[in-house]
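Undergrad: Spelled out, the chains give:
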Amino acid sequence: MAGKLKNGWKGRDVISSLDFTRESFELLFNASEEFAEGARARARARSDLLRGKVVATAFFEPSTRTRLSFSSAAAKLGASVIDLSTEVSSLAKGESFSDTLAMLDSYSDIIVLRHPSEGAALYASEICKHPVVNAGDGSQHHPTQAMLDLFTILRLKGRVDGLNYLFVGDLRYSRTVSSLLFALTRYKPGRVTLTSPPALGLKPETRSVLVRYGMSVREEQNIERSVESADVIYVTRLQKERIPDQVEYQKLKGSYRLTEGLLEATKADCIVMHPLPRTEELPTSLDASPKAAYMRQAGFGVPVRMALLSLILGVA
Amino acid sequence: MAKAMLVEKIEAGTVIDHVPATRAPMVLRLLGDPETRGYTVAVVMNAKSRRLGQKDIVKVEKLEISKAQVDRLAVIAPDATVNRIRNYRVVGKTKVEPERRLTGILRCPSPTCISSRAGEPVKSKFELYTEKPLTYACVYCSRQLSANDFLTQLIW
Ligand SMILES: [Zn+2]
Numbered sequence: 001m002a003g004k005l006k007n008g009w010k011g012r013d014v015i016s017s018l019d020f021t022r023e024s025f026e027l028l029f030n031a032s033e034e035f036a037e038g039a040r041a042r043a044r045a046r047s048d049l050l051r052g053k054v055v056a057t058a059f060f061e062p063s064t065r066t067r068l069s070f071s072s073a074a075a076k077l078g079a080s081v082i083d084l085s086t087e088v089s090s091l092a093k094g095e096s097f098s099d100t101l102a103m104l105d106s107y108s109d110i111i112v113l114r115h116p117s118e119g120a121a122l123y124a125s126e127i128c129k130h131p132v133v134n135a136g137d138g139s140q141h142h143p144t145q146a147m148l149d150l151f152t153i154l155r156l157k158g159r160v161d162g163l164n165y166l167f168v169g170d171l172r173y174s175r176t177v178s179s180l181l182f183a184l185t186r187y188k189p190g191r192v193t194l195t196s197p198p199a200l201g202l203k204p205e206t207r208s209v210l211v212r213y214g215m216s217v218r219e220e221q222n223i224e225r226s227v228e229s230a231d232v233i234y235v236t237r238l239q240k241e242r243i244p245d246q247v248e249y250q251k252l253k254g255s256y257r258l259t260e261g262l263l264e265a266t267k268a269d270c271i272v273m274h275p276l277p278r279t280e281e282l283p284t285s286l287d288a289s290p291k292a293a294y295m296r297q298a299g300f301g302v303p304v305r306m307a308l309l310s311l312i313l314g315v316a
Numbered sequence: 317m318a319k320a321m322l323v324e325k326i327e328a329g330t331v332i333d334h335v336p337a338t339r340a341p342m343v344l345r346l347l348g349d350p351e352t353r354g355y356t357v358a359v360v361m362n363a364k365s366r367r368l369g370q371k372d373i374v375k376v377e378k379l380e381i382s383k384a385q386v387d388r389l390a391v392i393a394p395d396a397t398v399n400r401i402r403n404y405r406v407v408g409k410t411k412v413e414p415e416r417r418l419t420g421i422l423r424c425p426s427p428t429c430i431s432s433r434a435g436e437p438v439k440s441k442f443e444l445y446t447e448k449p450l451t452y453a454c455v456y457c458s459r460q461l462s463a464n465d466f467l468t469q470l471i472w
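Top line first, the protein sequences correspond to chains P and R.
Under the working numbering, the first residue of the first sequence carries the number 1, and numbering increases by one thereafter.
Under the working numbering, the first residue of the second sequence carries the number 317, and numbering increases by one thereafter.
If you're looking for bench data, these hints aren't it; they were derived computationally from the structure.
It is possible that part of the hints are untrue.
Unchecked claim - Pairwise CB distance ranges, derived in the manner of DEER restraints: (1) R:ASP395 <-> P:TYR107: 36 to 42 Å; (2) P:GLU228 <-> R:LYS383: 52 to 58 Å; (3) R:PRO437 <-> P:LYS251: 51 to 57 Å; (4) P:GLU126 <-> R:PRO341: 50 to 56 Å; (5) R:MET361 <-> P:TYR107: 55 to 61 Å; (6) P:GLY94 <-> R:GLU443: 58 to 64 Å.
Unchecked claim - Straight-line alpha carbon distances no greater than 30 Å define the calculated BS3-like cross-link-like pairs of lysine-lysine that follow: (7) R:LYS439 <-> P:LYS10; (8) P:LYS203 <-> R:LYS448; (9) P:LYS203 <-> R:LYS439.
Glycine is no exception: its CB is placed at the ideal position from the N, C-alpha and C atoms.
Construct the complete structure from the given sequences, taking the supplied hints into account.
TA: Here is the structure:
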């Protein structure tokens with residue numbers, strides 16, 4: 001499967017982390033470096049790389065961070081942004097998703113899409129002539145988050161290979177977790193450990209994909225034990241909107257939490273990541289710790305998406 | 317004798333043997349419902365079989381089916397043999413090999429999959445995931461289906 005993947009970015013859709021090789025990720029991260037903070041970045045950003053291009057953002061599900069970071073990335077490069085999100089209500093009046101996508105395709109050069117249904121981005125890419133970027137579809141894929149997560153790990157830890165990863169929280173419905181796990185199959189991670197309430201374990205489909213790519217993950221219910229050897233701890237919130245049963249949600253609410261005590265038990269150079277927004281699983285009392293990497297992680301969203309847009313639109 | 321019940325030999329066309337008992341109608345469905353297109357069709361259901369105990373047999377006169385159609389049968393009749401008949405003689409035997417991709421054949425059971433969305437002109441697409449045991453995965457949501465699921469998810 002991986003053998004057939006191409007490394008280049010120009011004109012391509014971004015649907016799943018599994019569509020990319022390690023080489024494509026590295027091309028992206030090299031480009032992202034140039035857009036990350038610093039004088040050189042400002043010079044590059046001023047150059048209006050995407051002048052005359054139209055980036056459409058179509059969010060069929062609430063999002064602030066991802067939508068704004070795409071808009072910001074596009075604006076910094078001189079592109080115009082058209083946003084469907086505020087118009088979503090007209091969609092409720094009966095226009096099909098495919099008709100809406102065909103319209104957006106005729107108005108823009110690239111479409112950034114978020115949708116509550118799994119497969120929406122792939123389906124959109126079958127409809128649209130222009131590239132489609134998946135900004136989250138259902139509980140399955142969120143590839144650009146995985147890319148900025150990898151970039152964060154590279155920046156803060158200097159490498160992705162050989163580190164021990166611990167995923168904590170709602171691993172069943174979190175698309176950021178499955179997307180990062182899929183992306184890690186392109187690397188040689190050390191131990192990958194999953195700690196979640198039993199009802200929120202990794203979906204069998206996700207696990208089977210990991211097995212297929214030769215990545216072994218182990219489950220450890222005891223969080224005290226699992227934090228000890230981690231180099232990277234990735235925490236996710238309970239995906240309230242995807243848990244079908246609200247009685248179940250109330251039971252799971254507050255069932256896991258990264259406390260100060262747990263943070264103290266981690267390695268000295270361990271980093272804690274979180275795709276944000278957070279709820280009670282990640283108390284604000286941890287923010288002052290040098291191990292707290294989630295704000296820096298969020299900050300990398302814009303440079304990575306600047307690199308992504310320029311590579312796809314063929315100007316980087 | 318059971319033999320007497322079996323329909324007479326056909327001059328030309330296709331005989332699908334070793335179909336699991338009672339699945340003959342599904343075979344016809346996967347062949348594109350030749351009975352609705354004027355073809356003469358003979359179906360034997362629950363015939364005695366040494367191999368399967370009971371089996372179905374489907375004969376369609378004058379119809380020759382493509383390899384892709386043969387392979388589509390994998391989801392309901394993986395052990396079927398497909399005989400091509402000319403001049404009352406078997407001139408070719410084909411075994412079923414699972415198709416790489418099934419379009420519009422199986423319905424994805426996930427309610428949150430885009431292919432389940434009502435009012436959307438989207439065709440279900442499944443890709444071969446493993447051959448032994450036979451499983452297919454939804455191209456859109458990765459949901460995997462195995463042998464028992466194929467029967468309930470077949471789109472009629
Ligand atoms: Zn599906």
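Undergrad: Each of the hints needs a verdict: does it hold here or not?
TA: Going down the list of hints, with the structure as the test:
One distance hint, 36 to 42 Å for the beta-carbon pair R:ASP395 and P:TYR107, is violated here, with the actual separation near 53 Å. One distance hint, 52 to 58 Å for the beta-carbon pair P:GLU228 and R:LYS383, holds here, with the actual separation near 56 Å. R:PRO437 and P:LYS251 have their C-beta atoms about 40 Å apart, which leaves the hinted 51 to 57 Å range violated. As the Cβ distance of P:GLU126 to R:PRO341 is approximately 32 Å, the hint placing it in 50 to 56 Å is violated.
With their beta carbons about 56 Å apart, R:MET361 and P:TYR107 fall inside the hinted range of 55 to 61 Å. Look at P:GLY94 against R:GLU443: about 32 Å separates their beta carbons, and that is not inside 58 to 64 Å. Pair hint R:LYS439 plus P:LYS10 holds up; C-alpha atoms about 28 Å apart against a cutoff of 30 Å. Restraint check for P:LYS203 and R:LYS448: the C-alpha separation of about 21 Å stays at or below 30 Å, so the hint holds.
Only pairs whose Cα atoms come within 30 Å are accepted, and P:LYS203 paired with R:LYS439 is accepted, the gap being roughly 24 Å.
The structure fails hints 1, 3, 4, 6 (numbered hints given earlier, in ascending order).
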